[in-house]
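Peer 1: Make one complex out of these two single chains by using the hints.
Chains as they are written, first to last, in this note's numbering: chain E, 1 to 622; chain D, 623 to 703.
Since the hints were derived computationally from the structure, they do not count as laboratory data.
Predicted, not measured: the structure shown is a model, and the values here were computed from it.
There could be a bad hint or two in this list.
So the derived list for chain E, only partly shown, Cβ under 10 Å to chain D, looks like this [said to hold, decoys possible]:
| hint | residue |
| --- | --- |
| 1 | T18 |
| 2 | Y19 |
| 3 | A26 |
| 4 | N27 |
| 5 | P54 |
| 6 | P57 |
| 7 | E215 |
| 8 | Y217 |
| 9 | Q219 |
| 10 | G221 |
| 11 | S223 |
| 12 | R227 |
With the Cβ distance kept under 10 Å, some of the chain D side facing chain E (calculated, not the full set) [what the hints assert, rightly or not]:
| hint | residue |
| --- | --- |
| 13 | N636 |
| 14 | K661 |
| 15 | V666 |
| 16 | A668 |
| 17 | E671 |
| 18 | Q672 |
| 19 | L677 |
| 20 | V683 |
Yeah, the Cβ is synthetic: ideal placement off N, Cα and C, and Gly gets one too.
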Amino acid sequence: MNQQDLTTALNHLVDESTYNNYVTVANALDHFRSEARHMPLLRVAILRNFTLEPMIPVIKGEIALAGFYPEIYLGDYDTIAQDVLEPHSGLYKFQPDLVILAQWIDALCPVLTTRFLSLSPQQVNSEIEGILTTVSEFIWALRRHTNAPILVNNFPLPSYLTLGILDAQSESYQTHTILRLNLELLRRLHEIRDVSIVDYMSLMARIGSEQGLDERYWQIGRSPIGRNALVGFGKEYGKFFRALLGKARKCLVMDCDNILWGGIVGEDGMEGIQVGTIYPGSCYQSLQREILNLHDRGVILALCSKNNESDVLEVLRSHPHMLLHEEHFSTWQINWDDKATNLIRIAQELNIGLDSLVFVDDSQFECDLVRERLPQIAVLQFSSEPSTFRDRLSAQAYFDTLVFSAEDRKRNRMYRDQVKRKLLYESVGSLEEYLAKLEMIAEIGLADSMTVPRISQLIQKTNQFNLTTRRYSEGEIRAFAESPDVDIFYVKLRDRISEMGLIGVAITKYSGEYAEIDTFLLSCRAIGRGVEEALMAHVLNSARIRGSRVVVGRYFKTKKNVQVVDFYGHQGFRLVSEDTNSRDWELSLEGRIFSGPSWIKIKLIEPEEQICKSTRVNSNRY
Amino acid sequence: MQVNEGKLKQVLANVFGIDVSTIDETSSVDTVEEWDSLKHLNLVLALEEQFNITLNEEQTVQILSYPLIKVVLEEHGIAFS
Numbered sequence: 001m002n003q004q005d006l007t008t009a010l011n012h013l014v015d016e017s018t019y020n021n022y023v024t025v026a027n028a029l030d031h032f033r034s035e036a037r038h039m040p041l042l043r044v045a046i047l048r049n050f051t052l053e054p055m056i057p058v059i060k061g062e063i064a065l066a067g068f069y070p071e072i073y074l075g076d077y078d079t080i081a082q083d084v085l086e087p088h089s090g091l092y093k094f095q096p097d098l099v100i101l102a103q104w105i106d107a108l109c110p111v112l113t114t115r116f117l118s119l120s121p122q123q124v125n126s127e128i129e130g131i132l133t134t135v136s137e138f139i140w141a142l143r144r145h146t147n148a149p150i151l152v153n154n155f156p157l158p159s160y161l162t163l164g165i166l167d168a169q170s171e172s173y174q175t176h177t178i179l180r181l182n183l184e185l186l187r188r189l190h191e192i193r194d195v196s197i198v199d200y201m202s203l204m205a206r207i208g209s210e211q212g213l214d215e216r217y218w219q220i221g222r223s224p225i226g227r228n229a230l231v232g233f234g235k236e237y238g239k240f241f242r243a244l245l246g247k248a249r250k251c252l253v254m255d256c257d258n259i260l261w262g263g264i265v266g267e268d269g270m271e272g273i274q275v276g277t278i279y280p281g282s283c284y285q286s287l288q289r290e291i292l293n294l295h296d297r298g299v300i301l302a303l304c305s306k307n308n309e310s311d312v313l314e315v316l317r318s319h320p321h322m323l324l325h326e327e328h329f330s331t332w333q334i335n336w337d338d339k340a341t342n343l344i345r346i347a348q349e350l351n352i353g354l355d356s357l358v359f360v361d362d363s364q365f366e367c368d369l370v371r372e373r374l375p376q377i378a379v380l381q382f383s384s385e386p387s388t389f390r391d392r393l394s395a396q397a398y399f400d401t402l403v404f405s406a407e408d409r410k411r412n413r414m415y416r417d418q419v420k421r422k423l424l425y426e427s428v429g430s431l432e433e434y435l436a437k438l439e440m441i442a443e444i445g446l447a448d449s450m451t452v453p454r455i456s457q458l459i460q461k462t463n464q465f466n467l468t469t470r471r472y473s474e475g476e477i478r479a480f481a482e483s484p485d486v487d488i489f490y491v492k493l494r495d496r497i498s499e500m501g502l503i504g505v506a507i508t509k510y511s512g513e514y515a516e517i518d519t520f521l522l523s524c525r526a527i528g529r530g531v532e533e534a535l536m537a538h539v540l541n542s543a544r545i546r547g548s549r550v551v552v553g554r555y556f557k558t559k560k561n562v563q564v565v566d567f568y569g570h571q572g573f574r575l576v577s578e579d580t581n582s583r584d585w586e587l588s589l590e591g592r593i594f595s596g597p598s599w600i601k602i603k604l605i606e607p608e609e610q611i612c613k614s615t616r617v618n619s620n621r622y
Numbered sequence: 623m624q625v626n627e628g629k630l631k632q633v634l635a636n637v638f639g640i641d642v643s644t645i646d647e648t649s650s651v652d653t654v655e656e657w658d659s660l661k662h663l664n665l666v667l668a669l670e671e672q673f674n675i676t677l678n679e680e681q682t683v684q685i686l687s688y689p690l691i692k693v694v695l696e697e698h699g700i701a702f703s
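So that you can see chain D by itself, here it is in the shape it has in the complex (with noise of 0.2 Å):
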């Protein structure tokens, strides 16, 4: 499931304008610098729209983290490896 991975790579590197190779396992929004608040509402709105999902409340500020987001869209029936 490579391919959801490239996507969710591209989703956040798009959202916070930074390089799609430096995100990797340990980003998160303690590692990432332009992760802050606002851009927090911009990965949602992005992440739903490029896998056509709507988010469920704790899931919106669960995702703080690279593994958190897959875990949250692993729920969602997309698969990562």
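Here chain E stands alone, though its shape is the one from the complex (with noise of 0.2 Å):
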């Protein structure tokens, strides 16, 4: 076994996800484990109470696909409560970067779903109350002890009701019920931060209990999922792993002909091709709406289309049934040159990275070209069936991430403006009279309540001007903005053409005579203006404030971060030490005062809900 054999297996998983599939993958990551120390590595606790060890050969080839080395904890059966009430357990002494949680109902609350009829309806409650109480419980106590986020999972409803058809006639019964501990659970995890539910019950009733339960395993090993659906449970975890280490996608590629639209309009014309109410053309319209959703989601939308400009763009402006339309859409390459081409190119015009992308082609030649040449792409194709576009494309969940913010709904937008500030750019002379042109306006502040959510997203997502890649959740962020020994800054940065909202963050962490910037990072939209020069002028003013003699300035190499390894050298900083991966700057405060570039405006702003430093701590949140 060696890396051959983990990179060949895993690609027969990409190709086709079947249980034998990962049962390989998870040998080989097995017998690889001490050559694999360029993979980084997740350490993932799984706590439960039914036999989950089915699912684990999924779960590491999930946590595989997402370009980590999977480390897990399996706690023993139904022993949750001592692992996570004992502070010297082995689950902490693992100490995780994941938790899980899984408690099957059956296990947890036998009568509520075999004998539901022998409850009044005081014990329904009461027995409700005791789930959620025990499930608070491990979730606060798991809080008190690890920073790690925690997956908590939901309740299916039965297969077969104890009351059948009349169940549902209602609110009593059994269905009710468990809908209410659903909705309950949810607001009662809601006050603990970085806990996301897993929806086993939607998951379900997507895969169906009649195909996902298996009576066969849970009899004889307490293994509720059957074979058809640990696949399905196990990538239900995966969302979850590709949204918390920062590996969503942000960028869907469209091909046109046949994909947006049935036929082709260079030779059907407009009027010939298919798109509307009626067969086929519903299909496209079906797929549009869902590309329209994830629009509104806030990914990007670009065409790559082997077509005459005019044509394509002629569809978009007039046809009367065409859902999505050229506003709809960051950029596009409508041309004759091949499509990696052309892919490279919208990547670059978005300022992206190439492993953001997913591309839509019916063509194989097209799709096997990509592969080939761009394996970081992900790419779908579509070449028949048109009715099945639209589940083919929700079922991959690529973009899904764990942070809806009011950045995401304007992404379109904000990018088709930085498509119109490159043909400003591209119309003016020097680059400094272009920037000084934008009448750019950078507001700085502390973090506060309303901004850490985007903070924290760029610190999952920011890959190219990062300097350290430390990937900090929501409540690691909270728990810094409280402490009185670190500031973490933000940047948002206005233009006569748009609003660009927050783009930029700096954590300062002081100690003594030195201040340390753990993290500095620029959204890539942002990248090249000038913003990051302000922002680290006043991280530094600020440290001189706070009677620092030395920041200290780190990079750590990544394969993306490059364009950062000397960001300290050019900020004045002098280098202290380096080795491969790494570089140490410092640089001297004494008696200066910085500044950031003269075309940029800064104007401070005072937090509007200071998150209290250790003073005053929120005593419900620990």
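Peer 2: Spelled out as structure tokens, the structure:
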């Protein structure tokens, strides 16, 4: 077993996600442990009250697909309480990066699922209260001992209800009782930071309990989830891994002919293509609605099509049944060049990595070409059965994240504005002249409860202009914001074309006469405008005011952040030490006042609702 | 029916994470160290997927050795020499 075997096994898994392919990957990972040093480790603790072992290979495979080496701590069968309550338990010794709490309702409270009618309404309520208390006590206990994000599941509806068809007729019967339990669970967990709910209920509904549950495994081995559902359950966790690890994709690039509409516009003409309210045109409308939905979620849309640009634009502008229009797309490459070249152009124009792209095309040739030349791009081939296109796109969950901010809703417009800025740049002589013309205003402030969600999103997602690439969770960021020895700075940028929102973050940790810049990052949208210098000047001045004499800056190399290897050098820092993967820099502050570039106007913002520094810690929170 | 023999050995090797060459007619719960009760469930899953069959309850608990697996698979019409 070697690295090649692991790569091969992972490729097979991408092609076909069968249970056996997951097992092969899991075995390869186990054999490959000692040589896997280049893969970052992800330590996942799983606590459960049912037999979850058959799902482990799928979970390992999903972690590997996200680019991490899985290290699993599996709590003993039904010993959750011991693990979470005892501070020196195996769980806490393991120091998990992520905790999965998996509880099956039939094991947690069998009477609710199998002998519902033996309970009076009061007893039903007290059973529900009992479950909620147990689960939230577990989560609070975990939160006291670890900052790791926690994934906890809600509960599926029973396959067969105790009152049969009568069950749906009253809210006090079984179905609505479990729905109420799930709703209450959400409310209880909402107040605990970094807890996400894995929606077993919807997942089981999608798979179907007749398909997904296997009574044989349950009776023989307390393993309720059947073969048909194991992969689905593991993949559902995989979506959370990707979202938490910052691996969600950002941009959907669509081909046009036979994807957005049926037929070929260059041959059939605008009148001849199929898109509308009746079959087969309705299938394309259905896919377009889903693409619009992604657009509203903040996914960047682009087109990549071999066509005459004018033909496609005419369809977008004036076809009466098109739901997608020109303004929904941030950019496009409509020409006769090969698609790999065009996809590279799209990524460059939007200033995002190729691994942020999902490409959809109907042609085997184009899909193979892109897979071969640009393996970082996720490729979906839709070559027949247009009625399945929408679900096939949704099923991949490429774009799922755990945050939805105001910036997301506006993202496509912001990227379109960026393309406009490029045009303005091309019309002006020098860069400085151009930057001055943009009339930029940078608003700089300290993190408050309004800005923490966006700050955490940037920390999770930013790859290129990121000096240390430390991925903190929202909870950890709140903890920093509350600490008296840490400052979290953000910068928002606007110019005469648009408002870009919050695009930069710096975290400084103070200790005696030293201030260390723990995190310094800038959204790729804002690179190259001097805003990083404005933010740095503010960070340095703040350190000086706090009495620091020396500022320490670090660079940790990743695959993506080469562009900032000498950032601290350009800012006047002195290189103290370096090895192949990192560089340490220092700057002496004494008697110096720092300022950013002349073309950016700075506005300092007072926090609206300052997160209380340690003097007044919210007692609910810990 | 060498093909099915090979497929079966591959499934066992995969599930237990052992080398395919170590599997023979003597392989069983008693001789394969990795073959514990939890791996047994994974074995059922893997066999069902690989051979596109569904074992009944009795068969699920019966398949405790390489020859017994073959007997059960033959009941599902999968031929071994």
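Peer 1: Hint by hint, which ones does the structure fall short of?
Peer 2: none
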